[in-house]
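I would like the entire structure built from these sequences, with the hints used as guidance.
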Amino acid sequence: MRELFRHPTGVAGVILLSLIAIAVILGPWIAPYDPQQFHTTARLQGPSLSYWLGTDQFGRDLFSRMLDGARATITFGLGATILGVVAGSIIGVTAGTMGRSVDSVIMRLVDGLLAVPDLLFTLLIVTVLGAGTGHAMLAIAVAFTPGLARISRSAVLSVRTKDFVQAAIARGEPRAYVILREVLPNTIGPVIVEATIRVSFAIMLGATLGFLGLGAQPPSTEWGLMIAEARQYMFRNPWCVAVPGVAIAMAALGFNLIGDALRDLIDPRSRR
Amino acid sequence: MSAAYLARRIAAILLVLLIVSFAVFAITQILPGNAAVMILGEYATPDNLAALQLKLGLNDPWYVQYFSWLGRMLQGDWGTSVTLSQPVKTLIGGALWNSGLLALAALVLVTVIAIPMGILSALRRGTFIDLIIGLFGYLGTAIPEFVTATLLLVFFAGPDYGFLPAGGFVPLGESVSGFLYHLILPVVTLSIVLMAHIARQVRSEMSDVLASDYIRAARLKGIPERSVVTRHALRNAMAPAIAVISLDVGYLLGGILVVEEIFAWPGLGRLMIFALQNRDLPLIQATTLVLAGAYAVSNLIADIVIAMIDPRVRYA
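Heads up: the sequence lines are chains A and B, in that order.
Mapped onto this note's numbering, the consecutive letters of the first sequence carry residue numbers 1 to 272.
Mapped onto this note's numbering, the consecutive letters of the second sequence carry residue numbers 1001 to 1316.
Any given hint could turn out to be false.
Where chain B lies over chain A, by a calculated footprint (3+ residues, C-beta under 8 angstroms) [what the hints assert, rightly or not]: (1) 120–132; (2) 206–217; (3) 252–264.
Derived, one-sided and incomplete: chain A residues facing chain B with beta-carbon distance under 10 angstroms [said to hold, decoys possible]: (4) T9; (5) P117; (6) A242; (7) A249.
In short, the hints are calculated from the structure, not lab data.
The beta-carbon is built from N, C-alpha and C at its ideal position, and this holds for glycine as well.
Right, dumping it as structure tokens:
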């Protein structure tokens, strides 16, 4: 952790994520208004003393809505990534440990799926499942799975030939023990780095789906949806779209920076 | 780059497309409401439905359906769009051309700006310019296209001081200036993310190369700095940069979906979102396959270009 603070990118990332974490945890107590409350006399206003970041087309306080949306957005990003990491790791570790024929079949399939751009893949799955937050999260997790399978497999392959694994096999340890106790803990590093960066992709993809009307549904305060709803009014009050836009960028940037700093920590050779 | 390698890569692409085609077919099979219901509408009589289902082969086992569908796709019979009542091939043809122009313009802009930006950043490491480019690199990759597009619209297409069109399209054949005028905002939106990413990659490649022994040797020999950079370093930093650009084409295709939708650009992305919203099965299948195919082909082209630039790369 102390190492993390030696990187300027790590420091910036920690600061951004702390702000986001405060919004997620303390949001409801900081928010000056109920995020769904209409203030009909104060619609589409710019920032003022009573409405710090202005109001939207229904006179809802943008600052309160942004704070409220942090929860939805961050849980969405983390949830989608964790699901994708778990599924991808299971597939990757299976491919990396179960012998050549299983490996080549799985990896051919993974390569085929990787040939579909993420957003396209996600859109197809959401179309099958139907719009909604849960479905969008699942779709992104599925779209992430092949990429993470590839990364965890290559991590497994590079660990598998190491002496300590060979030693465990030579000791006659059971296969499950070797995989769970010797191989897995040493493949976690690259997977965590990838996962951290993917959280920012998941947040951006989730917001994009919300924007296209396929993710979170009104009156949710998910940031992408906030932009979609305010788009008609953006020329009258740019704050409606700027506030959630900046929020998305801050969250995505935070996870990106931390991921990069972690990569530098784990693999010091990758100078940048 | 041998002929055998090329043949193997093309075979790999075909395999990938086969897997994608199967995935697309599977997805459209799972979609609620089958083709017969879609064609006849909700109020069709059960008898009519049964007859059409029989005619379309919807009662056959899935693998029979898959292979007959694949056979038709391969023969160039891509079916008719259910919602637009036009042949899918005609629709895709026009849209592919429009999207291609958009993607090409973005790629050219990105290459022309991002690569020099990355090089400059690597040469001026630790300076103010490096910091600014670095910040742009981080910010650019953290803002999704729909946010960039929306903010650009607010700034450049607003009713008061905006001077660019908020969306729409003028065919190139009709008016070149009108076409370019409508091209600006979509291309800038698409380019920002890619520029940020590619400039970052070029910077890191170039820094690695500049710190290497053979560059030090070249400098010690007294070769002018300009020549060291352009003749010795650049060539070695270029291949990874092109690899990144080719991988980013996948990202570009995703961006095209969003950008075309926002700016009402009549391309493949907009067509696909339309197809998805209307559950137009033949159109969903064809647009997805064409987009995946475009991605695979662009990766192949990148491999060939890399092999041409870097003679050490020998794809046996």
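Taking the hints in turn, this is what the structure says about them:
For the segment 120–132 of chain A, the proposed coverage by chain B is satisfied: 6 residues have a C-beta within less than 8 angstroms of a C-beta in that chain, meeting the threshold of three. Given as covered by chain B, the segment 206–217 of chain A passes the check, having 4 residues with a CB less than 8 angstroms from a CB of that chain where 3 are the minimum. Remark: the segment 252–264 of chain A is confirmed as covered by chain B, as 4 of its residues place a Cβ nearer than 8 angstroms to a Cβ of that chain, reaching the required three. For the restraint placing A:T9 at the interface with chain B, the shortest Cβ-Cβ distance is roughly 8 angstroms, inside the 10 angstroms limit, so the hint holds.
Below 10 angstroms, beta-carbon pairs count as interface contacts, and A:P117 has one with chain B at about 4 angstroms; its hint therefore holds. With a least beta-carbon distance of about 7 angstroms to chain B, the hint placing A:A242 at the interface is held under the 10 angstroms criterion. Nearest Cβ of chain B to the Cβ of A:A249: about 5 angstroms, under the 10 angstroms cut. The hint holds.
Of the numbered hints given earlier, the model fails none.
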